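Residue numbers (the numbering used here), protein chains in the order written: chain A, 2 to 428; chain B, 2 to 428; chain C, 2 to 428; chain D, 2 to 428.
What you were told as hints is all true, and nothing was included just to trick you.
Since copy identity is lost for identical chains, a pair holds within one copy or between any two.
Mimicking DSSO-like on lysine-lysine, the simulated pairs with C-alpha atoms at most 30 Å apart in a straight line are:
1) K257 / K392
2) K128 / K392
3) K87 / K17
4) K87 / K194
5) K43 / K257
6) K257 / K87
7) K43 / K314
8) K317 / K43
9) K43 / K404
10) K184 / K128
11) K177 / K43
12) K87 / K43
I should point out that these hints are in silico values taken from the structure, not numbers from a laboratory. What you are looking at is a predicted structure, and each value in this text was computed from that prediction instead of being measured.
Residue strings, one per chain:
Number of protein chains: 4
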Amino acid sequence: MHQPREVPLSDRERIKRHLDYDFTEPIRDPLWSHIYLSPGLKRVVATSQFQKLGGIRQLGPTYMVYPGATHTRLNHSLGVFSLAQKMIQTLISYDAADDLTDCGVRSFLCAALLHDLGHFPFAHSLKELPLASHESLTARTILETSLASIIEHETGADPSMTAQIIYTETDDVTSKEVEIYRKILSGVLDPDKLDYLTRDAYFCGVPYGVQDVDFIFSKLRFRREAGLVVDEQGLHAVENVLFSKYLMYRTIYWHKTVRIATAMIKKALHSEISSGAVHAEELYGLDDSTFFCRFGHSRYRSAELISRVGARKLYKLAFELPFEETLVSHSRLSDLLYRAQVEKSMADQGGLGYNGVIIDIPEPITFEVDLLIESGGQLVPFVEAGTVFSKEVVSGFARALRKIRIFTVGGDADTPELSDAAERWLN
Amino acid sequence: MHQPREVPLSDRERIKRHLDYDFTEPIRDPLWSHIYLSPGLKRVVATSQFQKLGGIRQLGPTYMVYPGATHTRLNHSLGVFSLAQKMIQTLISYDAADDLTDCGVRSFLCAALLHDLGHFPFAHSLKELPLASHESLTARTILETSLASIIEHETGADPSMTAQIIYTETDDVTSKEVEIYRKILSGVLDPDKLDYLTRDAYFCGVPYGVQDVDFIFSKLRFRREAGLVVDEQGLHAVENVLFSKYLMYRTIYWHKTVRIATAMIKKALHSEISSGAVHAEELYGLDDSTFFCRFGHSRYRSAELISRVGARKLYKLAFELPFEETLVSHSRLSDLLYRAQVEKSMADQGGLGYNGVIIDIPEPITFEVDLLIESGGQLVPFVEAGTVFSKEVVSGFARALRKIRIFTVGGDADTPELSDAAERWLN
Amino acid sequence: MHQPREVPLSDRERIKRHLDYDFTEPIRDPLWSHIYLSPGLKRVVATSQFQKLGGIRQLGPTYMVYPGATHTRLNHSLGVFSLAQKMIQTLISYDAADDLTDCGVRSFLCAALLHDLGHFPFAHSLKELPLASHESLTARTILETSLASIIEHETGADPSMTAQIIYTETDDVTSKEVEIYRKILSGVLDPDKLDYLTRDAYFCGVPYGVQDVDFIFSKLRFRREAGLVVDEQGLHAVENVLFSKYLMYRTIYWHKTVRIATAMIKKALHSEISSGAVHAEELYGLDDSTFFCRFGHSRYRSAELISRVGARKLYKLAFELPFEETLVSHSRLSDLLYRAQVEKSMADQGGLGYNGVIIDIPEPITFEVDLLIESGGQLVPFVEAGTVFSKEVVSGFARALRKIRIFTVGGDADTPELSDAAERWLN
Amino acid sequence: MHQPREVPLSDRERIKRHLDYDFTEPIRDPLWSHIYLSPGLKRVVATSQFQKLGGIRQLGPTYMVYPGATHTRLNHSLGVFSLAQKMIQTLISYDAADDLTDCGVRSFLCAALLHDLGHFPFAHSLKELPLASHESLTARTILETSLASIIEHETGADPSMTAQIIYTETDDVTSKEVEIYRKILSGVLDPDKLDYLTRDAYFCGVPYGVQDVDFIFSKLRFRREAGLVVDEQGLHAVENVLFSKYLMYRTIYWHKTVRIATAMIKKALHSEISSGAVHAEELYGLDDSTFFCRFGHSRYRSAELISRVGARKLYKLAFELPFEETLVSHSRLSDLLYRAQVEKSMADQGGLGYNGVIIDIPEPITFEVDLLIESGGQLVPFVEAGTVFSKEVVSGFARALRKIRIFTVGGDADTPELSDAAERWLN
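Hey, can you work out the whole structure from these sequences and the hints?
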């Protein structure tokens, strides 16, 4: 469009030109102001596969506690795309970025936009069930539906590269370039985390998650041997991400009431899947409303648990104690079948009926600190770079968050016999 | 609870005590920080009647354009309650507030919380169809469901007074006190408008709607003869509300794409209700997902219009021109039956099939300016109190917003014959 | 730095490269997040000429009413630079921008950063006194101090072009390119106004001034024949700028107390300059603290007025009435010498001493609407492009803001005789 | 004003009435929206003693790095008052608050407003010099100037109680009530810290300091035996305060450039005071501009250091290393006289002239954790209440922040000989 050129463009020039001129379609976002899509990505956004994300609330039942938390995976996906785009813009100014190709960058931007495509309601909390990961479902959708062709023809990306960037457990042999994008998309300072911490804080109305995004981008460096690293002046911003994540888990993601709703769903689905009444495939592709429609149905033995959640008639907290990994009585409960037996036994002893007791143990989480800090030309692991957060402090974050909770219909009003039973099982 | 008292409390003292001590249950809101409910109102909030509002997006299909607009009527209702509570706190410091009773204030606060209870999807755009108003449905829900007893026994309010405050077209004889509350709940500076303008701006991510709420409250005065008035120092805040409303209609509420989705639904329902295939009662009580489930069903002739909206496969704009009330060819189109005939005729002429053409004319709106300004001890109508917005300017706001738009599947690509037809019908 | 090139770069390419790679020095700004300077501009910022702006509060005595208004012309200048930079980034993507040169763009960016360099305390309110304009003083500083050489050698700009862009009343013959930059820097949607409205609102803590900056930039178009124009989709954003400006004048810039402080300074300086006790040159180059030091000194007859302002011992309002341009008794007061006589006469009649009465009439302001809107390929003047703000409405904004106020030490307590005098003079 | 009463009011009722009805004078604040003063406190605010705070920037030379940091101790003082007022409103709802008196509460609110009255430029960094503390100077101003009578007659407070609340090192015997207020005004969650963290973040434009103020207030409890305690649900908000304080020190309060400016001033004043050229009393009562006027004067040997800071011609960093308390070579440097000798010796060795080398060691700081958490009816020290921040982690915050820095005019360009000298002295 701007003056003809005879010399073939280098990849870097083509990438730069793509980033500079092709993102002409604005979408308004309350977090990042205007997000600009290319016309091709706009068509991707218009597909039913992507639009489905608008039916899945980002924080599931959290809106029952924080009513503002109505934002969806669609909002978040656009946000991740926007931050990924800014990251690439930063990266491309480094010589080390010479390994990137035009098609690779396009595939990466698609991956950022589509990384949550395989999500279904409560997917994050159902990791212990025999279900496909949302990443593998995302890859499947990208490769096996009409999306593949739209991605290829409208955006100039390579669908299989996009899928590989997202789904890391594939057996496919992948290129070094794919490895680079994987590390950008999923790391200590990835666009996913920067978006969700800031966005969840905005919609819930808490100050805890807000990240210093613009500053972080200015401190990112790209080194051929190491990929994305952070200048030491940005060290505190990494500390802030870690601590924010802890605070967000404490106040929002694992708020007691959110755990109750989640545990009810998890128990119901575990039971139905174990008995063969529900097949994994039935879950994939659902959104929030079809999920409750389908499984709140009386043909399932545990339907009541699900429909109660749909109607916000939640169980109540009877007991709560820290989860201690070193106690066998605690660690054995990580086995969901064993846990179901204990629940049944407690319910019997407490005189509570079918599904009368639920034991909740939040899923294991990690606070990644696997990042290199560049200090005086040297690359140093984050935990050795002068941070106030040693490995022990950071693992303390995860530990402090995990609590065993026992829920019943009546909560702590149900106590006497149940209390005895709990004492016995949890010490 | 704090020291015994023998003397009976005056109503003012009881109201003050209620406001000071009974609102102990916090809910986090991204707009107004913490909203405090009384334990009784917390139970009202937990009812299925109120929770249903969490399934109705405040701005309907607007999230298709502004993806952040996922907030629901539940969020908004809590916000209106919170602002109403602050207004009462201001009011109660005026001597003129001596006419208020403890039960009245409690009924008013319930009314603020529950004013949108009768809402169903697209209710605002379906006012021209033979449907009950959402206010009358709200009153029905308050008086005829289990809510009545919860309101009465848990909050100390009088359900029939609450219903009267909301539903103003009732034939019931109402008290002077009810009149006062009606004016507070629905006026130029009402808590409804102050919440929705500010909230919609927050979730959409635009600066236009934000109101100077705290300042406005400090300039409200309560006069026995006139009810709520505004000190002249607050005049510009009223101007700001008016202009913000105009900007929000222009950029959000009546954004072209929002109008398309709305017009498609309206046409479909008008047609189905006219033919008797759908009865008004079927709409009441629906939320967003049950709405699309039920009416997207192929048993309805116009189901396709509805399921297209559900899937975001919208018609496109073919023409647009200002609506001119004084042109008969325009004003006649306000009659939906006549409009349907014109649409059919145009579709025939343009070679477009059943429901192939939709004519949209935004519903009439008013920008109320019916407010008294207190200036040097005198009460003066707003438009005479030194504002830059004369009646003409304000009616210009409404006029500038109303446009006739013609939508078809293909948009302006469908033009030649359709263009001729449109020319004929709209001049 | 990135691959060698033999072909000479076009100006557009050099500008693009400059904008893309040379702005590496971040400064944190609460409004625009990170502002990036080039190393050369960083040196300009470090000069004493620029740093002096850090001693001049942007809103002068406004902090007496809105204590948050402590921001300085330095903050604002950085903000204007940042917005100007974004505008150029937008512009450069238009073919019409082919008339721009690399040196021109650099000169323009300097102009944006330095446009307020000649400011001294209260400069805006002293326009009626025989003083050099701050624009001419800015040009002088740029051309005649050490800045000239720093600009030339460190930034690649042409100091005389920078000066011409800012100081439009020069007799110098200027290029078409200078004309383009002048229109960008000073128009309906200029970076100056977009910054100050938003910034002043942020620091004062009011919602009124906030502009939709990112959106506005996306609707700017650059047409060779017409310069900057706005797409019709951006029309409402222009309306918002106009209305915001009105609201900011009403609530902040011309707040009664701000006017009092301003009027006291103005009267004192007018009197001292008229009598020859103070020479214009003494004012230039002062900052807030040196201003009060120098003129609060008892050697001046009107020093008390100035030192009272410094100590926030302000006069009080005795009367206020709308300024009516068509009344001779009002319009004559625009002559400061005549006004001083009337003040003296009133003071005598009211039994108030020297400088006992001050008449304030806010300086004439205009709400520029001189902008072209692009609609369907046509360029239409803003007021004919479907706006709700006709010329009459907009001139009503200015009219509504101008009030004659009479201030005395005691305010309305001083009334009886003064009241008579005022009646006589102002009718 | 509202109906006559014969029965004498209890103190609690008088306090409540005071809080409910007497705070009628709004001031706009960008952080806390409207702050309401009583007419009496408005008069206190108008005194020259309080207004002087408007001339002292809250963060001293920080605006050189974060240009938005122009806010003053006046802004902060109003904010602290506002938060203190909200705290009292919460407190008063507890039975344990029966020990509070009406006069006591009024004295406390004065104390909150006036707590920084004795501040002078750089006071926080000059604690190692033989100067009166700003608290004692505040007490002096309250008791020995015209303020005493204004406080007493206009606000109903007792000036000596106000002074005692602020100045805790007095020998005066104080009441239990004074002890309560002291703990509120200065503790882990005091209104001072909640204001400055949030305010400094707002003006600088960083997200790090923002506190969840409203939530914190909802979790404060008042227990007769223990004073202010925090419900365990508020534990994470305390963690957030601690971590925010660390981040703010790291990025803002002890930013390298801020330390340079501070160290230059400190060295200059230490030298002048040691030599007897400057007397402590000369510093008290200065504001930013009078400070630089007075001490930038050539009659002082170290004037150049001060005038350089005033003109932003700062020294540059030559070396930086962590301060290790256990190294004698480091700890000895805490003695300013010894430090001056080392500086001189280094300067001689490095061939740099008088005042050519400055060694900076940030003042010792503590991160107080001395707070009780209420958990299941028990009061538990914060560090034992399940926090992720052990005493070690928190003392690590302080440790990580303290660095020895060596500054010279040329910075690291001055290295060879200086480097040797530094090696010798700092190992």
